[in-house]
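Same order as they appear, the protein sequences are chains X and D. Once you know that position 67 of the first sequence is 67 in the numbering used here, the rest is easy, because the numbers rise by one and skip nothing. Once you know that position 87 of the second sequence is 87 in the numbering used here, the rest is easy, because the numbers rise by one and skip nothing.
In case anyone wonders, no lab produced these hints; they're calculated from the structure. Since no wrong hints were added, every one of them can be taken at face value.
Computed Cβ-Cβ distance ranges for the label pairs, DEER-style: (1) X/VAL183 - D/GLY154: 54 to 62 Å; (2) D/GLU217 - X/ASP161: 54 to 62 Å; (3) D/ARG226 - X/ALA33: 32 to 40 Å; (4) X/ALA33 - D/LYS59: 30 to 38 Å; (5) X/ASP161 - D/GLY214: 52 to 60 Å; (6) D/GLN81 - X/ASP151: 28 to 36 Å; (7) D/LEU228 - X/PHE136: 53 to 61 Å; (8) X/TYR218 - D/PRO94: 50 to 58 Å.
Note that CB positions come from ideal geometry on N, CA and C, so glycine has one too.
Okay, here's what each chain looks like letter by letter:
Protein chains: 2
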Amino acid sequence: MERGGQDRTAAVKEREAASRTPSHSRTHGKAGAQAAEVSGKALGGMIEAFMRLPGIGRKSAERLAYAILGMPMEEASGIAQAILDLKNNSRYCPICNNITEDAVCSICRDEKRDATRICVVEEPSNILILEKTGIFRGRYHAIMGAIAPIDGIGPEDLKIDGLMERLKAGGIKEVILATNPTVKGETTALYLSKLIKPHGISVSRIAYGLPVGGDIEYADENTVQRALEGRREM
Amino acid sequence: MERGGQDRTAAVKEREAASRTPSHSRTHGKAGAQAAEVSGKALGGMIEAFMRLPGIGRKSAERLAYAILGMPMEEASGIAQAILDLKNNSRYCPICNNITEDAVCSICRDEKRDATRICVVEEPSNILILEKTGIFRGRYHAIMGAIAPIDGIGPEDLKIDGLMERLKAGGIKEVILATNPTVKGETTALYLSKLIKPHGISVSRIAYGLPVGGDIEYADENTVQRALEGRREM
Chain X
1 MERGGQDRTA AVKEREAASR TPSHSRTHGK AGAQAAEVSG KALGGMIEAF MRLPGIGRKS
61 AERLAYAILG MPMEEASGIA QAILDLKNNS RYCPICNNIT EDAVCSICRD EKRDATRICV
121 VEEPSNILIL EKTGIFRGRY HAIMGAIAPI DGIGPEDLKI DGLMERLKAG GIKEVILATN
181 PTVKGETTAL YLSKLIKPHG ISVSRIAYGL PVGGDIEYAD ENTVQRALEG RREM
Chain D
1 MERGGQDRTA AVKEREAASR TPSHSRTHGK AGAQAAEVSG KALGGMIEAF MRLPGIGRKS
61 AERLAYAILG MPMEEASGIA QAILDLKNNS RYCPICNNIT EDAVCSICRD EKRDATRICV
121 VEEPSNILIL EKTGIFRGRY HAIMGAIAPI DGIGPEDLKI DGLMERLKAG GIKEVILATN
181 PTVKGETTAL YLSKLIKPHG ISVSRIAYGL PVGGDIEYAD ENTVQRALEG RREM
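Next comes chain X alone, as it looks inside the complex (with noise of 0.2 Å):
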């Protein structure tokens, strides 16, 4: 996916990339040497392809390359122009950086959305998993990262100038910042805080707490702790 202009945050990921490979690319090539040797170069090149998918061990990718050979061919080149599909066709809304295959996304389109609220997150993937709630009914920023100065991400490799932008065109009167529940996430917050709050603009984080379903048994102290702190008269 190309950005123009815009490839300050492309070039930390790359670095990222490049730190990771080393280590990467000798247990894939290991693996697939194996599988080549026993049954042929393709199926070694599959499991190396899927190996190289976030949370995809070597037992996965044989899996799902045994599964890939099972299935019929219609199904097996339509995974492989899914993929091929969502590069061509999938691009950052220039407004949000929500994935979008038209020239906006469709939720900086819709009118019928509240677009006094902005929701910030840090990937657009999050997008996603907030929308499913069905709850927050206004747009969307996705920064594309969180600061964490340990790996060299500041401020200045993050979209944090297309939301000031949008926030200086006026017209936002709260900002709820979305970003994860982590150290970086957390950082990330405050400084986004402290750089908007002086635009007059109404600014909340989400809520810490117990997850829904879960057992107070197993929460952690911090959890538990931000629990109590949150906690609401009934």
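Dock chain D against the given chain X, drawing on the hints supplied.
What follows is chain D alone, placed relative to chain X:
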């Protein structure tokens, strides 16, 4: 993958696939539809495509789809190409049913391997697992499934004829039954044992016992019982 004249197993697999389809496609449709609404049809299609793979649920499929989006074009199209290469170039070995790109698989071709021993497995993927141990230097035979009367799969639905032809051709001293340690695998092993022994060939079954690195505390009763029964003098 085409297997001329051997379409009974294929028919069984299609029957199974058909019985799984209704609930599956409903789930796919919903997950893909919401993603398509928020972030475009190509993303929705990719999520649905990944969900057709075994062990990939909605959340994993979403994660994988966004990973494809974040990849360089070259890497993503490499995965698509690997799928097509695998389907176009791989076939079953006509002797043992291992996956191969050649007329006969590398193991059946290898003159240095012990041609007097055949290890019987349920699926071609099991051959790779056994080869990783490096201790078996004979040949294999994948029977493409296991006997499961409850699913309507009898011996006639498996590739047992080919195994028996190899045995009748002579020169085989031992058959190792490495079907799964399940009711189906055990039933199949028992059936094969009764079928093969009259030919004067030694038949053995891989051992049951505690998994290496496991804790006896967490082993189920049946496994502990088998481990006791299979004890060996030290």
